[in-house]
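If you read the sequence shown in our numbering, its first letter stands for residue 16, the second for the next number, and so on.
If you are wondering where the hints come from, they were derived from the structure by calculation, not from laboratory data.
Being a predicted model, the structure only gives us computed values, none of them experimental.
No residue lacks a Cβ here, since even glycine has one placed at the ideal position from N, Cα and C.
Some clues are possibly wrong.
Claimed, not checked - Computed Cβ-Cβ distance ranges for the label pairs, DEER-style: (1) Glu21 to Gly83: 27 to 37 Å; (2) Glu21 to Ala84: 30 to 40 Å; (3) Asp46 to Ser67: 30 to 40 Å; (4) Gly64 to His27: 25 to 35 Å; (5) Glu22 to Ser68: 13 to 23 Å; (6) Ala82 to Glu21: 27 to 37 Å; (7) Pro25 to Ser71: 16 to 26 Å; (8) Glu58 to Trp31: 11 to 21 Å; (9) Gly64 to Gln28: 11 to 21 Å; (10) Gly30 to Gly64: 27 to 37 Å; (11) Leu81 to Arg37: 13 to 23 Å.
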Amino acid sequence: MDRLNEEGVPRHQLGWVLTQPRFVHAARRIDACLLCRHPKVNEAGLCDGCYSSLESPELDLAERWLAGAMP
Numbered sequence: 016m017d018r019l020n021e022e023g024v025p026r027h028q029l030g031w032v033l034t035q036p037r038f039v040h041a042a043r044r045i046d047a048c049l050l051c052r053h054p055k056v057n058e059a060g061l062c063d064g065c066y067s068s069l070e071s072p073e074l075d076l077a078e079r080w081l082a083g084a085m086p
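Given these sequences and hints, build the entire structure.
This is the structure:
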């Protein structure tokens, strides 16, 4: 599935989006998941459900946000 919600980021673009602080900060500010737009996002801008479905390399990028290594 390419897109979980028409307002969210297409799945194939998530790796790039996670390298762009402005998109992650915006998702956190409005508390809406980057992929599905559900509330209660983590430091990477993803809800628990979408975060649990990540695989490498997106998972590696999200973990960098969670560890505080990204801005």
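Hints, verified against the model:
{"no.": "1", "hint": "Glu21 to Gly83: 27 to 37 Å", "result": "32 Å, holds"}
{"no.": "2", "hint": "Glu21 to Ala84: 30 to 40 Å", "result": "31 Å, holds"}
{"no.": "3", "hint": "Asp46 to Ser67: 30 to 40 Å", "result": "18 Å, violated"}
{"no.": "4", "hint": "Gly64 to His27: 25 to 35 Å", "result": "19 Å, violated"}
{"no.": "5", "hint": "Glu22 to Ser68: 13 to 23 Å", "result": "18 Å, holds"}
{"no.": "6", "hint": "Ala82 to Glu21: 27 to 37 Å", "result": "31 Å, holds"}
{"no.": "7", "hint": "Pro25 to Ser71: 16 to 26 Å", "result": "18 Å, holds"}
{"no.": "8", "hint": "Glu58 to Trp31: 11 to 21 Å", "result": "18 Å, holds"}
{"no.": "9", "hint": "Gly64 to Gln28: 11 to 21 Å", "result": "19 Å, holds"}
{"no.": "10", "hint": "Gly30 to Gly64: 27 to 37 Å", "result": "18 Å, violated"}
{"no.": "11", "hint": "Leu81 to Arg37: 13 to 23 Å", "result": "18 Å, holds"}
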